[in-house]
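Enquirer: Listed below, chain by chain, are the residues.
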Amino acid sequence: MKPPSWIGVERRPALPPWLVFAISMGAIVSALIAAGIFFQAYGVSPFRAYGDIIRGALGSKLGITETIRRAIPLLLIGVGLTVAFRALFWNIGAEGQLLMGAVTATGIALFSGLPGPMLLPAMFVGGFLGGAAWGVIPAALKAKLGINDVITTLMLNYVAIYVVDWLIHGPWKGTAMRGFAYTDPFPAAAILPTIAGTRVHWPTLLIGLLAAVVFFILVRRTRVGFEIRVVGENPHAARFSGISQVKITILAMLISGGLAGMAGVGEVAGIHHMLLGPANVALGYGYTAIIVAWLARRNPLAVILTAFVFAVIMRGGDVIKVSLGLPFQLVNVFNGLILFFLIGSEILMRYRIRIGRRTTA
Amino acid sequence: MKQKRMYPKPRTKEVKVLKRSVLMLSVLALVIAGGLAMVAAEYVPGTPLKVGFVYVGPIGDLGWTNAHDKARLIAEATFPWLETVYVESVAEGQEGPVIDDMIQQLGCDVILTTSFGFMDGTLAAALRHPDVIFGHCSGFKRAPNMMNYMADFYQIYYLNGLMAGALTKTGKVAYVGAFPIPEVKRHMGAYAVGVREILPDAEIHASWIYEWFSPTAAKEATEALIAAGCDVFAFTEDSPTVCQVAAESGLPSFGHYSPMYAFSPDYIVSGQIAHWEAIYLDFFAKIYAGVFTAQNIQDLDYWWLLQEKAVEIGADPGMFINPVFEDALKAVMHEDPILGTISVYDLVMARYAQMADPSMVYDPFNGPIYDRLGTLRVPEGLRLSVFELTTMEWAVDGIVGPWPGEPE
Amino acid sequence: MSWESWVIATLSRTLAYGTPLLLATLGEIYAERSGVLNLGVEGMMIIGAYAAFSVAYATGNPWLGIGAGAIAGGAFSLIHAFACITLRANQVVSGLALTMLGLGLSGVLGRGLEGFPLFSSLRGVTVPGLHRIPILGPILFEGQNLLVYIAIVLAVLLWFVLYKTRIGISIRAVGEDPATADSLGVHVARVRYLCVLVGGVLAGVAGGYLSVAYRPAWTEGMTAGMGWIVIALTIFAFWNPLLGLFGAYFFAALFHLSFRLQAWLAPELLKMMPYALAIVVLILVSRGTLQKRMGAPSALTIPYTRGED
Chain A
108 MKPPSWIGVE
118 RRPALPPWLV
128 FAISMGAIVS
138 ALIAAGIFFQ
148 AYGVSPFRAY
158 GDIIRGALGS
168 KLGITETIRR
178 AIPLLLIGVG
188 LTVAFRALFW
198 NIGAEGQLLM
208 GAVTATGIAL
218 FSGLPGPMLL
228 PAMFVGGFLG
238 GAAWGVIPAA
248 LKAKLGINDV
258 ITTLMLNYVA
268 IYVVDWLIHG
278 PWKGTAMRGF
288 AYTDPFPAAA
298 ILPTIAGTRV
308 HWPTLLIGLL
318 AAVVFFILVR
328 RTRVGFEIRV
338 VGENPHAARF
348 SGISQVKITI
358 LAMLISGGLA
368 GMAGVGEVAG
378 IHHMLLGPAN
388 VALGYGYTAI
398 IVAWLARRNP
408 LAVILTAFVF
418 AVIMRGGDVI
428 KVSLGLPFQL
438 VNVFNGLILF
448 FLIGSEILMR
458 YRIRIGRRTT
468 A
Chain B
4 MKQKRMYPKP
14 RTKEVKVLKR
24 SVLMLSVLAL
34 VIAGGLAMVA
44 AEYVPGTPLK
54 VGFVYVGPIG
64 DLGWTNAHDK
74 ARLIAEATFP
84 WLETVYVESV
94 AEGQEGPVID
104 DMIQQLGCDV
114 ILTTSFGFMD
124 GTLAAALRHP
134 DVIFGHCSGF
144 KRAPNMMNYM
154 ADFYQIYYLN
164 GLMAGALTKT
174 GKVAYVGAFP
184 IPEVKRHMGA
194 YAVGVREILP
204 DAEIHASWIY
214 EWFSPTAAKE
224 ATEALIAAGC
234 DVFAFTEDSP
244 TVCQVAAESG
254 LPSFGHYSPM
264 YAFSPDYIVS
274 GQIAHWEAIY
284 LDFFAKIYAG
294 VFTAQNIQDL
304 DYWWLLQEKA
314 VEIGADPGMF
324 INPVFEDALK
334 AVMHEDPILG
344 TISVYDLVMA
354 RYAQMADPSM
364 VYDPFNGPIY
374 DRLGTLRVPE
384 GLRLSVFELT
394 TMEWAVDGIV
404 GPWPGEPE
Chain C
21 MSWESWVIAT
31 LSRTLAYGTP
41 LLLATLGEIY
51 AERSGVLNLG
61 VEGMMIIGAY
71 AAFSVAYATG
81 NPWLGIGAGA
91 IAGGAFSLIH
101 AFACITLRAN
111 QVVSGLALTM
121 LGLGLSGVLG
131 RGLEGFPLFS
141 SLRGVTVPGL
151 HRIPILGPIL
161 FEGQNLLVYI
171 AIVLAVLLWF
181 VLYKTRIGIS
191 IRAVGEDPAT
201 ADSLGVHVAR
211 VRYLCVLVGG
221 VLAGVAGGYL
231 SVAYRPAWTE
241 GMTAGMGWIV
251 IALTIFAFWN
261 PLLGLFGAYF
271 FAALFHLSFR
281 LQAWLAPELL
291 KMMPYALAIV
301 VLILVSRGTL
311 QKRMGAPSAL
321 TIPYTRGED
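Protein chains in written order, with our numbering: chain A, 108 to 468; chain B, 4 to 411; chain C, 21 to 329.
Read the hints as simulated data drawn from the structure, not as lab findings. You can trust all of the hints, since none of them are fake.
Calculated lysine-lysine pairs in the DSS-like style (CA-CA distance at most 27 Å, straight line):
| # | chain 1 | residue 1 | chain 2 | residue 2 |
| --- | --- | --- | --- | --- |
| 1 | B | Lys73 | B | Lys53 |
| 2 | B | Lys53 | A | Lys168 |
| 3 | B | Lys289 | B | Lys144 |
| 4 | B | Lys312 | B | Lys289 |
| 5 | B | Lys144 | A | Lys280 |
| 6 | B | Lys144 | B | Lys312 |
Next up, chain A with everything else stripped away, as it sits in the complex (with noise of 0.2 Å):
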C-alpha cells in the first residue's frame, strides 16, 4: 500500500552537533518519563526517584565521585569503540577485551616478579596488549576472511569470560581466600592510588580523557585517521585509492580492544585489588560503552560526555536502589526504555516527514 504522493519520508541534511545533543536529551528525558510509570506502579512518585537520582548522583561528594568512578571504564571503552565503530567495526567484544585486558595485569601483577614502581605501568601496557589481542582476531577474520564482526566479537566475549572462570577457579586460585574462587590480593605496589577519600582511580581516568582527546585528533587530524574513516563510510573508494583495509581493521580493533583491555586494568587494580568472577569485573561496562559510544555519534570526545550521562543513570539505579527499595530490575527496564526512545529520537534526526510536492523528481 503506496503513501499518497504528497506525503513521504525524506533524510534530513545533517544536523547540527549542539541540536543533535540535545534531541538526544530529549529522548532520554521521554525516556524516564516513561519509566515514571513503572515508579508510579510501586507507589513512588516520579518526581521523587528522579530527585533522589539527580541528587544522588551529582548531589554530594560520595554521589559525584561514584558517578566519576562509573564513567571511568565508559569513558576508555567507549573512545575505543568510537574508533572501531568509524571503521565500520562493530565491537560487541567490549567486554572480553575488558576481561582478558584485567587477566594480563592479574599475571602481571602476581606472577611477573617486576620490581614495584615497574608494575603499575606494565600492567597498563599488557592490558593494553591483552585486549588489543582480543581484539585483533575477529579483526583479523573479518578483514581476511569476510567472518561477520558482531558475530564474532560476541562468542569471543564467552570465550573470555570462561578463560576467566577457569583461571580463578584453578591455577590462579588464590592461597588467601579460604578456598573461595578469587585470585591472591594484589601487592600494595599493584593497587592503583585513589583520589583521597573516594574510590576513583585517578589514573586510569586520566588515561581516558587523555584518550578521548588523542583519538579524536587521530581521527579528524591525521592520515591514519582519514584513512579509516574511508573505510567506513565508503569501502568501495578506500579498496580504489589503494588503502588497506585489512591494515585499517585491525589497526582499529587494536586500539579498541587495547582500551577496552585497560578499563579491565583499571577495575582489578582500582577497584578489586584481585581477580574474581567474570560477572563481577566486566559488569555489563562492554555493553553499556557501545550505547555511550553510538550516543557520541562516533565522536571520540563527545563521549566524555555521554560516558558522564551513562555514569550518572547508573549510579541513579544504585542509588533508588537504596533509597527507594525500588528493585534492581527497575535499572535494566530504564536503560532499555532509554535505549529505544535513543533509537527513535535517532531516527526523527535522520528523517522527516514531508508534506508537500517534492521539489526535486
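Starting from the known structure of chain A, fit chains B and C onto it as the hints suggest.
Expert: Just chains B and C now, kept in the frame of chain A:
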C-alpha cells in the same frame, strides 16, 4: 570645603574581597557543620535501631538471600524498636558505595553484609565509619566495629546422611554441589560420614555445577547422577530443582536452605533450613542493650549450629522427617557401639539430641576419619576445630567423583 | 553401568535440554535469513518464560501457558521489528535494548511469583508400545514432552518451507539482496516483519518450555544466557533449520556430558565449546564458494530502504 571623613573610605575592591571571603567562610562553615551532622553519630543503646542489609542476590531466590530476608522480617516483627532496610543483588566489589549510601542517606546504625565476597569492602567501610557497627556473614576478617557470623549446616547434613544411608537401595547416593569451596566440601563430608555410618561401603557421588543458582545445570547434573545409579539426593544450590528432578524419577531427596516440602511432598525426606534470625535477634538485642558497641566486637564470631537453633533439620519448619518416610527409617536397624541395636529413625533422633545439647556431646567429625586418599584427617578421640572446618579441602572416604583442590 | 543405558540416558537428556535451544534457534534462523539480526533472543525467551508461567499458574493449564509465552515473545519481538525495519535503526543496539528490557520487565513483573511450584506443569508422556523399541524407544518415547516432538516436526517443516517453497525463496532473497527482491515484487518489509515475528514466537515458546515443562517454576533471570547460545547456534547451523536440529542436540549433549565428564574435563572448557565452535565453523566455511552457499545472509544487519543512496 570637603568634610573630613571620620574614617577612611574603604576601597570598593577591598570591600568586595572582604565580602566574598566572609561569604565563602560562612558557606564553608555551613558545609562543615552539615557534614558533621551527616557523619553518623554513634548509636545510643535503648533508642530505635536501624539496620541495613546488603544482599548479593535477589530475595526471590529460594536459597541464601531469601533465608536472610525472612530472618530480617522476623527480627523486625519481634522488636518494636527495630527498623530494617535492604538492598538486593549488589555485585561483589560494589558494596562500598551501597554501604556509604545506606549510612549517609538512610542513617543506618548497623550494616550486615551477607556474602563472602563483600569481605574486603565491608572491612574498608568499617574503617571508614568507625561509629557504625558492621557484621559480615561467612567471612573471617574483623575490626573493633566489625564482627563475623555464620550458621552452619554440617551437623544436619550428617543427620541427612544417616537417613540417606538407610533409604538407598543401590548403595549410591548423590550430592550436587555449587562450588568446590570449604563450606560445600564440609557439608558433603558430613553427609558422607552419615551415609557411611549406616552403609560402610556406600558411594557418595559428587557433581559440581559451578553456580550458586542454575536450575538447568542442577537439572542436568541430577539427571546425570540418576543415570549413574544414584538414588538419594542432597545438594547445595539456590533452587528446588534437584528435589523436583529427583521426584520426577520417584527418588528421595533432601531440601536445602529454605522449606522445599511443597515442591516434592511425596519424595522429600528432610533437609536443612536456615534460621538466621537466631543470630540476628541475639545480635540486635545485645546492641540495643549496649552489650555490643562499635568498639568491642573485634572478637565476636558467631559460629552457630543446632544447639543455638540457628539451623533446623527438615524440609518444612517443624517437620523433622517427612511422615511418608518414617516407617521406612524405623524398619532399618543399625548397630551402634554405644547405643546398641537401634533403628535408624531412633539413631537420628538420638544424634540430634546429642548435637543440640549445649555441651555438644556428639560431632559428626569425631575421629578417626580418613580422607579418600588414605590420609588420617581426624585422629581418634579428636574433633575438627572451627578453623579446620572452615578451611576443609579434603574429601571424606567414600566420596566419588571430581574434587577440585584436593590436597595430596 | 552398561554402555547401552549410558547412551540412552545421555540422548534422552539431550532431547529434553535441546528442545528450547532448537525452538529458539529455528526462530532466529528465520529472522536472520530475512536479514534482521535479533540479539534480543534472551529478552524474548525470558518474557515468554514469565508469561507462560504466570498464565499456567493462574489457569492451571500448561498449554495455555505455552500459548501465552508464544504471544508474549511475538509481541515483544515486534518492538525490535518496528525499530529495525520501519525505523531502520541500528539492529545491534535495538537487539541489546530488547534483551535489557526483557530481563528487566520480566524481573519486575515476576517478583511475586517466585517460590511457587507449578503443579500444572507439562508432564512427559510415554508413548505406549513405541517405547519398547530397543534403544530408540526409551530415548524418544519415554517421558519426553510433547514439545520435544513438536520441535522436531517444526525443524523439518521450517527447513522445507525455507528451501522448497516460494515463501522460503522470498525470505532468502530478502536476506541476500533485498533490492533485487523488491524489484521482483517481494514486499521486503512484510517478509522481514513476519520472520522477526516467527523468531519472537518461537523464542517465547522456548522460554515457556523452560518455565512450564523443563523446570516448572519461575525465577528471575532463569534463562541464564541461553539466548546467547541460540545466537551462536544459529551460525553453527549455517542458518539451516535441519542443521539447527543437529546443532541444538549437539550442544545439549555437550552440556549434559559436562556433568558426566566432570572428573576428566574442566567444566569451563565444555562450557566454552558452543561459542568457540561457532567461530571455528565460520572459519571453515569462509573459503570462497562455500561462503556463498553456507555463510551468513549477505544483507544481515543492513536496513533496507527503497531508492536510497
